[in-house]
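Student: Chains A and B, in that order, give the protein sequences.
When the letters of the first sequence are read in order and numbered with the numbering used here, they come out as residues -7 to 730.
When the letters of the second sequence are read in order and numbered with the numbering used here, they come out as residues 4 to 156.
One or more of the hints may lead you astray.
[Said to hold, decoys possible] Think about it this way: if two alpha-carbon atoms lie no more than 30 Å apart in a straight line, the pair counts; the simulated DSBU-like pairs of lysine-lysine are:
id, chain 1, residue 1, chain 2, residue 2
1, B, LYS120, B, LYS146
2, B, LYS154, A, LYS87
3, B, LYS74, A, LYS613
[To be verified] Quick list of simulated restraints, FRET-style, between CB atoms:
id, chain 1, residue 1, chain 2, residue 2, range
4, A, GLU215, B, LYS83, 24 to 32 Å
5, B, LYS83, A, ALA13, 33 to 41 Å
6, B, GLN64, A, ARG257, 51 to 59 Å
7, A, ARG257, B, LYS83, 51 to 59 Å
8, A, ALA38, B, GLU95, 33 to 41 Å
9, A, ILE605, B, ARG121, 27 to 35 Å
10, B, GLU95, A, LYS345, 40 to 48 Å
11, A, ILE605, B, GLU95, 50 to 58 Å
12, B, ARG121, A, GLU532, 49 to 57 Å
Just so you know, the hints here were simulated from the structure itself, not pulled from any lab data.
Virtual Cβ for every residue (Gly too), placed ideally from N, Cα, C.
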Amino acid sequence: MKLHKKDNFSRRNFLKTSVLAGGGMLIGFNLLTACKLEAKMPVDIANLNFNDFNAFIKISQEGYVTIFSPNPEIGQGVKTSMPMLIAEELDVEWKNVTVAQGVLDTNNYTRQVAGGSQSIRFGWDALRQTGATAKQMLVNAAAVKWNVAASTLKASKGIITNQNGETLGYGEVVTAAALLEVPENITLKEVKEFTIIGQEIVNVDIDKIITGKPLFGLDYKAEGMVIATVLRPPSFGQKLISFDASEAKKVKGVIDVITIGDKVRKYAEAGKNNWTVKLSKSDKVVVIAANTWAAIKGKKALAAVWENEGQLESTEDHEKALMDILEGKNLNTNREDGAVENAFSTADKVIEKTYHSPFLPHNCMEPMNFYANVTAAKIHLVGPVQTPEYAAKVVADLLEFDLDKIHLEMTRMGGGFGRRLYGDFVYEAAEISNLIKKPVKLVSTREDDMTAGIYKPAVKYRIKAALKDGKVTGYHLIEAAVGSNMYGSIPNFFPAGCIPNYKVQTGNYKSNITTGAWRAPYTNFLAFAEQSFFDELAIELNIDAIQLRLDLLQNVKNTTDDRIEYSGQRMEDTIKLVREKAGWGKTKAGVYQGFSAYYSHNTHVAEVADIEIKDGLPIIKKVTVAVDCGIVVNPTGARNQVEGGVLDGIGHAMYGDFSFKDGQPSDSNFDGYRLIRMNETPKVEVHFVQNNNSPTGLGEPGLPPAGGAVANAMNAAFGKRIYRQPFIKELNKSSILG
Amino acid sequence: MPNYTLNINGKKVAVSADEDTPLLWVLRDELDLVGTKFGCGIAQCGACTVHVNGIATRSCQMQVSILEDVKITTIEGLSKDGKHPVQEAWKEIDVPQCGYCQTGQIMTASAFLAENKRPSGEEIREAMKGNICRCASYNRIEKAVLVASEKMS
Chain A
-7 MKLHKKDNFS
3 RRNFLKTSVL
13 AGGGMLIGFN
23 LLTACKLEAK
33 MPVDIANLNF
43 NDFNAFIKIS
53 QEGYVTIFSP
63 NPEIGQGVKT
73 SMPMLIAEEL
83 DVEWKNVTVA
93 QGVLDTNNYT
103 RQVAGGSQSI
113 RFGWDALRQT
123 GATAKQMLVN
133 AAAVKWNVAA
143 STLKASKGII
153 TNQNGETLGY
163 GEVVTAAALL
173 EVPENITLKE
183 VKEFTIIGQE
193 IVNVDIDKII
203 TGKPLFGLDY
213 KAEGMVIATV
223 LRPPSFGQKL
233 ISFDASEAKK
243 VKGVIDVITI
253 GDKVRKYAEA
263 GKNNWTVKLS
273 KSDKVVVIAA
283 NTWAAIKGKK
293 ALAAVWENEG
303 QLESTEDHEK
313 ALMDILEGKN
323 LNTNREDGAV
333 ENAFSTADKV
343 IEKTYHSPFL
353 PHNCMEPMNF
363 YANVTAAKIH
373 LVGPVQTPEY
383 AAKVVADLLE
393 FDLDKIHLEM
403 TRMGGGFGRR
413 LYGDFVYEAA
423 EISNLIKKPV
433 KLVSTREDDM
443 TAGIYKPAVK
453 YRIKAALKDG
463 KVTGYHLIEA
473 AVGSNMYGSI
483 PNFFPAGCIP
493 NYKVQTGNYK
503 SNITTGAWRA
513 PYTNFLAFAE
523 QSFFDELAIE
533 LNIDAIQLRL
543 DLLQNVKNTT
553 DDRIEYSGQR
563 MEDTIKLVRE
573 KAGWGKTKAG
583 VYQGFSAYYS
593 HNTHVAEVAD
603 IEIKDGLPII
613 KKVTVAVDCG
623 IVVNPTGARN
633 QVEGGVLDGI
643 GHAMYGDFSF
653 KDGQPSDSNF
663 DGYRLIRMNE
673 TPKVEVHFVQ
683 NNNSPTGLGE
693 PGLPPAGGAV
703 ANAMNAAFGK
713 RIYRQPFIKE
723 LNKSSILG
Chain B
4 MPNYTLNING
14 KKVAVSADED
24 TPLLWVLRDE
34 LDLVGTKFGC
44 GIAQCGACTV
54 HVNGIATRSC
64 QMQVSILEDV
74 KITTIEGLSK
84 DGKHPVQEAW
94 KEIDVPQCGY
104 CQTGQIMTAS
114 AFLAENKRPS
124 GEEIREAMKG
134 NICRCASYNR
144 IEKAVLVASE
154 KMS
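Construct all of the structure, not just a fragment, from the sequences and the given hints.
Tutor: Rendered as structure tokens:
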């Protein structure tokens, strides 16, 4: 198998085994790291030791396989696709495999983060090697039993066969296998030998989801648990002065009203720094109640006095500050190739456009919540968080507690989109439980969730191109963002390497409004700006929009620049696939198409949006998508991610609007804040580029190109260029929507 | 606190709750029926949808005190074994991503199909527009409602 150069990860392939007390074999292993030499394997399923191992496989004497998969599930399907990789190499029938959510004891965890669309990419080798190693041990045990060489045996679908045609089920040799040496130098299957990878495997939690079983953090209950709601400053830049809880305490079911904030201030003042901590240093008022309704009513009945401690910022302030940055104030140069100034001064024509996007809340359907039970002996935390090991470490720091005595269990998450990378709700829950000495579940209302968010920052781009002799000779992009800027290899994405004179600069405006990662951070809007811009350039140069991209990509195909990780060839193949599948340029009268392509999270994606005009209004009818994510592990799950990513991208580009007035968010619930709904959605048709490259991310890459494809189709339909999100406001301003 | 007798999933159940408590929180906190989800609290998202006398209803807006004489069905009572045609269709199409909104989607779809056995695509899109799916699994929800309607006829 050919591996993409950036997909090689070194891993010392250690796993350990034990014979279970109740019978069967247990295999413990770690993703990406070796097990500790002294690590002891448990012999009882009730006591799985997730300090030393981060996943386990149990093979019962009946041949059934249980995989304890600890990776957080936020809807991206890894709870199904990661065990598929183990089952493939272990060579068992999928119907005999059960997947259980692993409990997290955070001490020695690696890559238990759901973010950046990297779970499958990182797990690809490690999980398959683990399955293959276990299979070899079972075969070796059978070889001992039959007194033959292991190389003479074959194993498939949980059955080992010798040359006489005799068979042994995995379950019959598990006890012997568990006592054998762990073999080295395991050979993995060829792609053509796969029987599970590439099959359509339905979400492993489907039965629980469709029957409403408790799965999510908000569903969690424990003996003696109380509910907490938290009143936070209504505006960013404010802090609590005083409060009156007399009315709140009259609400039936309200137990107490307290404040929290000391622990966080102490943490911050100690200069501690953990990127998951984004908490206001203000005191917050906490209502403790016997049930959720009382906690919600109690919070509404509180009267609090707030004082300004910082600037109360408004969207107009950000508009001005970001425009100043685009004018060249305090810019950082992220990448510069060739002679950019010269390209512009010698150009036949210079095109310059500016693109605008608002803040966006994440709006996970399951509002932020967490359970905490802090006692003198230990801390028990349960709930939905994308960064469990960070969360446990911060709680240890906040409460000055021994990390080994913190036990964090992950639940299924009702969406993440980046919001649950930040553990503010975990830290608050722990601080509350520590004060009241009771098990507590912190519950956010939708209003709490939307108004005390960690938002996608407002971002603007100014892009300038130099055109000479019918070619793009210079490119200069400036990013102005609230909070922080594009990171990592983003400045080296397309069109880096395609245009000889190229510069990316960034500048940011420090705000007291908390901002952070939002599905496909930065690229979620950068792709719209850039791909709209290239559409405009194609028209200016009188070249087909797709052909312009293909022409440019030729320049990066033989690049020796190690910073460039996207592939000119793979992008070209992806674009050609969408061109064919969408019938680009061959549509019937009244259908207008827009094209967009983008590489992110190691995956190449190209999209074509079809718009029709009905009664003078644009209807987005269809989006055709081509994706190169390498080998598709689970096609149904993979298509689901791309379909959702495209509709999410369109929904937020069309409708997502969020602003601030004197530090206060413009909207607090779905009556004012508009999310895309079914009657507004196009059909999304997904096609995968067939190749044998290692799998890459899928949770995010479908989203970035979607807005650009739609905006370019709008231009094709109406001759109206959209430079600002949400599109609906721009369309309303022009005469398009009457 | 006052006591109420509710008819939920074909059983009489006694609950003790403040009179303005929404059915949503009675189900979730008092009766451990957590399949009905909290999403917005203002009837905008549909995550808390249940059937009241067969009609899809937002349980976050129904006060417990007015519900003594009605039949309430939650996702836990939609079918005995998770095999209502709508649930089967959801499984066949592999609809969920995060899964949080799906019980509400299923309750809206099942009430709709009980009234309109062979809906058109446009009717499905209109009927389901009150339920938000933040993962935007809308294409699959739409398809699953259609598949369910075929199973039911």
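Student: All hints are to be evaluated individually against the structure, with a verdict given for each.
Tutor: Going through the hints against the structure:
Pair hint LYS120/B plus LYS146/B holds up; C-alpha atoms about 15 Å apart against a cutoff of 30 Å. Note on LYS154/B and LYS87/A: the hinted pairing holds, with a Cα-Cα distance of about 25 Å set against a maximum of 30 Å. Between LYS74/B and LYS613/A the CA atoms are separated by roughly 40 Å; this puts the pair beyond 30 Å, and the hint is violated. Our hint of 24 to 32 Å for GLU215/A and LYS83/B holds, since their Cβ atoms are close to 30 Å apart.
Under the hint 33 to 41 Å, the C-beta atoms of LYS83/B and ALA13/A, about 36 Å apart, fit the expected range. Taking the beta carbon of each, GLN64/B and ARG257/A are about 39 Å apart, not inside 51 to 59 Å as hinted. For the hinted restraint 51 to 59 Å between ARG257/A and LYS83/B, the CB-CB distance of approximately 54 Å keeps it satisfied. Roughly 36 Å separates the CB atoms of ALA38/A and GLU95/B, a value that falls within the hinted 33 to 41 Å.
ILE605/A and ARG121/B have their C-beta atoms about 30 Å apart, which keeps the hinted 27 to 35 Å range intact. Under the hint 40 to 48 Å, the C-beta atoms of GLU95/B and LYS345/A, about 46 Å apart, fit the expected range. A C-beta distance of roughly 35 Å is found between ILE605/A and GLU95/B, which places it outside the suggested range of 50 to 58 Å. Between ARG121/B and GLU532/A the beta carbon distance is about 51 Å. The supplied range of 49 to 57 Å therefore holds.
The structure does not agree with the numbered hints 3, 6 and 11 stated previously, though it agrees with the rest.
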